[in-house]
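Asks: Between the sequences and the hints, there should be enough to build the whole structure, so can you do that?
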Amino acid sequence: MLSVGKSGDWAKAKLLSTTLKSTMKLSADPGFSSLALKGESLMKRYIRKQPTSWPALSTKYKQGKLRQGKSDKMLIRTSSMLLSIKGFSANSNAYIGVKRNAENDEGEKLANIAAIMEKGSKVRNIPARPFIEPVYKHLIRRIEKDGLFHKYLKMEMERKYGIKL
Numbered sequence: 016m017l018s019v020g021k022s023g024d025w026a027k028a029k030l031l032s033t034t035l036k037s038t039m040k041l042s043a044d045p046g047f048s049s050l051a052l053k054g055e056s057l058m059k060r061y062i063r064k065q066p067t068s069w070p071a072l073s074t075k076y077k078q079g080k081l082r083q084g085k086s087d088k089m090l091i092r093t094s095s096m097l098l099s100i101k102g103f104s105a106n107s108n109a110y111i112g113v114k115r116n117a118e119n120d121e122g123e124k125l126a127n128i129a130a131i132m133e134k135g136s137k138v139r140n141i142p143a144r145p146f147i148e149p150v151y152k153h154l155i156r157r158i159e160k161d162g163l164f165h166k167y168l169k170m171e172m173e174r175k176y177g178i179k180l
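If you count the sequence shown from 1, position 55 lands on 70 in my numbering, and the numbers rise without skipping.
Treat the hints as calculated values from the structure; they're not laboratory data.
Among these hints, one or two may not hold up.
Said to hold, decoys possible - Between beta-carbon pairs, the in silico distance windows are:
| # | residue 1 | residue 2 | range |
| --- | --- | --- | --- |
| 1 | K175 | R60 | 29 to 37 angstroms |
| 2 | S18 | E159 | 42 to 50 angstroms |
| 3 | V19 | N106 | 39 to 47 angstroms |
| 4 | G135 | L41 | 35 to 43 angstroms |
Quick caveat, the model's predicted, so the values are computed rather than measured.
Even glycine gets a Cβ: it sits at the ideal position worked out from N, Cα and C.
Replies: In structure tokens, the structure reads:
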């Protein structure tokens, strides 16, 4: 007669099967936090770099900025917009960009200015100088290449369940 028995750690298997969903969510939070901070840093660096793919400022506009004591750099009239770029995570999401309620010294919404800089404005004759989309695309490639969320899930499973993966 053939006998059937249990082998392995069934208590750990039960724990894993009943808590895996919450473990996956918990493990994603550090990934989103890391992603948001990395995105903030990349976005600020991208603007400071002044990509050659951006259309140059007109000589007249550049000279006007300098006469006003402003920066001659693209997307940096003052440092207000650059300083308002923030990365944070909440509710299993990463948020990176210009804070919606941030304003410059003239009371203009920096998020509106950022949107115009990103997409351009035919009415105001402002060419697009994208700085948000290129950073997002870079981050997506990094997530896929580095397996960011897999790394945090693996760490949490090893910590919580003692499973070496």
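Asks: In ascending order, which of the hints set out earlier in this document are inconsistent with the structure?
Replies: Hints that this structure does not satisfy do not exist here, as all of them hold.
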